[in-house]
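Numbering of the sequence shown is given in the UniProt record's numbering, commencing with residue 1 and proceeding in unit increments.
Simulated from the structure, these hints should not be mistaken for laboratory data.
Careful: at least some of the hints might be erroneous.
Claimed, not checked - Here are the simulated SDA-like cross-link-like pairs (lysine to any residue), alpha carbons at most 25 angstroms apart as the crow flies: (1) 13 - 64; (2) 94 - 30; (3) 80 - 50; (4) 14 - 28; (5) 69 - 25; (6) 13 - 92; (7) 43 - 65; (8) 14 - 92; (9) 94 - 26; (10) 43 - 16; (11) 83 - 26; (12) 80 - 56; (13) 83 - 36; (14) 14 - 27; (15) 83 - 41; (16) 69 - 40; (17) 43 - 64; (18) 83 - 13; (19) 83 - 71; (20) 53 - 26; (21) 83 - 39; (22) 83 - 95; (23) 94 - 20; (24) 83 - 30; (25) 94 - 47; (26) 13 - 25; (27) 80 - 92; (28) 43 - 53; (29) 83 - 14; (30) 14 - 95; (31) 43 - 73; (32) 80 - 44; (33) 14 - 93; (34) 14 - 100; (35) 83 - 97; (36) 69 - 48; (37) 43 - 19; (38) 94 - 16.
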Amino acid sequence: MAADVGSMFQYWKKFDLRRLQRELNSVASELAGRQEESEHSHKHLVELSREFKRNVPEEVREMVAPVLKSFQAQVVALNKRSKEAESAFLGIYKQLIEAPGESHTIPHLSLRAPSRFQKKTVFEGHFKTWPSM
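Using the sequences and the hints, build the whole thing.
Structural data, given as structure tokens:
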């Protein structure tokens, strides 16, 4: 048990949750900016498409229609994938950003193995006694 707690402490010390949280904050801020840019870019593409339809002869539109539809389908698919990835990132981000670091919890853990008659665990500096087995 003591070895497990010691290993866990070493893992979290190397993991450096606070550094990861700062990096995730930065990425989340960048994502927000990119979302706004993407919305603006999408609106611009829609307008260009409308202009193209108005200014190009019917026979040219018919010739390029399959290519344009393929590009549109690809853009829609990439947009969907991007939103799903962002949603997954934000879900994990919200959980990790609120997680306490090793400096808040692990130093309070007792590194001594519990006795056979009484198990104690430390949770935020307070002992909780469990019934003996």
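A quick look at each hint next to the structure:
1. Taking the CA atoms of residue 13 and residue 64, the gap is near 58 angstroms; set against the 25 angstroms cutoff, the hint is violated.
2. Between residue 94 and residue 30 the alpha-carbon distance is near 16 angstroms, which keeps this suggested pair within the 25 angstroms criterion.
3. With a CA separation close to 23 angstroms, the supplied pair residue 80 and residue 50 stays within the 25 angstroms bound.
4. In summary, the hint linking residue 14 to residue 28 is supported, as the alpha carbons are separated by about 23 angstroms, within the 25 angstroms threshold.
5. The suggested pairing of residue 69 with residue 25 is violated, with an alpha-carbon distance near 37 angstroms, which exceeds 25 angstroms.
6. A threshold of 25 angstroms between alpha carbons decides the hint, and for residue 13 with residue 92 the separation of about 20 angstroms falls inside it, so the pair holds.
7. Distance hint between residue 43 and residue 65 is fulfilled; the C-alpha atoms sit about 20 angstroms from each other, no more than 25 angstroms.
8. The hinted pair formed by residue 14 and residue 92 meets the criterion: a straight-line CA distance of about 20 angstroms does not exceed 25 angstroms.
9. Note on residue 94 and residue 26: the hinted pairing holds, with a Cα-Cα distance of about 13 angstroms set against a maximum of 25 angstroms.
10. A hinted pair counts as satisfied when its Cα atoms are at most 25 angstroms apart, and residue 43 with residue 16 does not qualify at roughly 41 angstroms.
11. As the CA atoms of residue 83 and residue 26 are separated by approximately 18 angstroms, the hinted pair is consistent with the 25 angstroms bound.
12. Only pairs whose Cα atoms come within 25 angstroms are accepted, and residue 80 paired with residue 56 is rejected, the gap being roughly 30 angstroms.
13. Restraint check for residue 83 and residue 36: the C-alpha separation of about 13 angstroms stays at or below 25 angstroms, so the hint holds.
14. Simply put, residue 14 and residue 27 have alpha-carbon atoms about 21 angstroms apart, close enough for the 25 angstroms limit, and the pair holds.
15. Using a Cα cut-off of 25 angstroms, the hinted pair residue 83 and residue 41 holds, with the two alpha carbons roughly 15 angstroms apart.
16. Restraint check for residue 69 and residue 40: satisfied, since their Cα atoms lie roughly 21 angstroms apart, inside the 25 angstroms limit.
17. A C-alpha spacing of about 21 angstroms is found between residue 43 and residue 64, which places the hinted pair at or below 25 angstroms, so the restraint holds.
18. At most 25 angstroms may separate the alpha-carbon atoms for a hinted pair to count; residue 83 and residue 13 exceed this at roughly 33 angstroms.
19. Restraint check: the Cα-Cα separation between residue 83 and residue 71 comes to about 18 angstroms, which is no more than 25 angstroms; the hinted pair holds.
20. For the hint pairing residue 53 with residue 26, the CA-to-CA distance comes to about 41 angstroms; that exceeds 25 angstroms, so the pair is violated.
21. For a cut-off of 25 angstroms, the pair hint linking residue 83 to residue 39 stands: about 12 angstroms separates their Cα positions.
22. The straight-line distance between the Cα atoms of residue 83 and residue 95 is roughly 19 angstroms, inside the 25 angstroms bound, and the hint therefore holds.
23. The suggested pairing of residue 94 with residue 20 holds, with an alpha-carbon distance near 12 angstroms, which does not exceed 25 angstroms.
24. Restraint check for residue 83 and residue 30: the C-alpha separation of about 14 angstroms stays at or below 25 angstroms, so the hint holds.
25. A threshold of 25 angstroms between alpha carbons decides the hint, and for residue 94 with residue 47 the separation of about 36 angstroms lies outside it, so the pair is violated.
26. At most 25 angstroms may separate the alpha-carbon atoms for a hinted pair to count; residue 13 and residue 25 meet this at roughly 20 angstroms.
27. For the hint pairing residue 80 with residue 92, the CA-to-CA distance comes to about 19 angstroms; that is within 25 angstroms, so the pair holds.
28. This hinted pair checks out: residue 43 and residue 53 have alpha carbons roughly 16 angstroms apart, not beyond 25 angstroms.
29. Pair hint residue 83 plus residue 14 does not hold up; C-alpha atoms about 32 angstroms apart against a cutoff of 25 angstroms.
30. Simply put, residue 14 and residue 95 have alpha-carbon atoms about 19 angstroms apart, close enough for the 25 angstroms limit, and the pair holds.
31. As the CA atoms of residue 43 and residue 73 are separated by approximately 16 angstroms, the hinted pair is consistent with the 25 angstroms bound.
32. With a CA separation close to 18 angstroms, the supplied pair residue 80 and residue 44 stays within the 25 angstroms bound.
33. The suggested pairing of residue 14 with residue 93 holds, with an alpha-carbon distance near 19 angstroms, which does not exceed 25 angstroms.
34. Our distance criterion of 25 angstroms between C-alpha atoms is met by residue 14 and residue 100, whose separation comes to about 15 angstroms.
35. Using a Cα cut-off of 25 angstroms, the hinted pair residue 83 and residue 97 holds, with the two alpha carbons roughly 20 angstroms apart.
36. Distance check on the hinted pair: residue 69 and residue 48 sit about 14 angstroms apart at the alpha-carbon level, within 25 angstroms; holds.
37. Only pairs whose Cα atoms come within 25 angstroms are accepted, and residue 43 paired with residue 19 is rejected, the gap being roughly 37 angstroms.
38. The straight-line distance between the Cα atoms of residue 94 and residue 16 is roughly 17 angstroms, inside the 25 angstroms bound, and the hint therefore holds.
Hints 1, 5, 10, 12, 18, 20, 25, 29 and 37, counting from the list given before, are not met by this structure.
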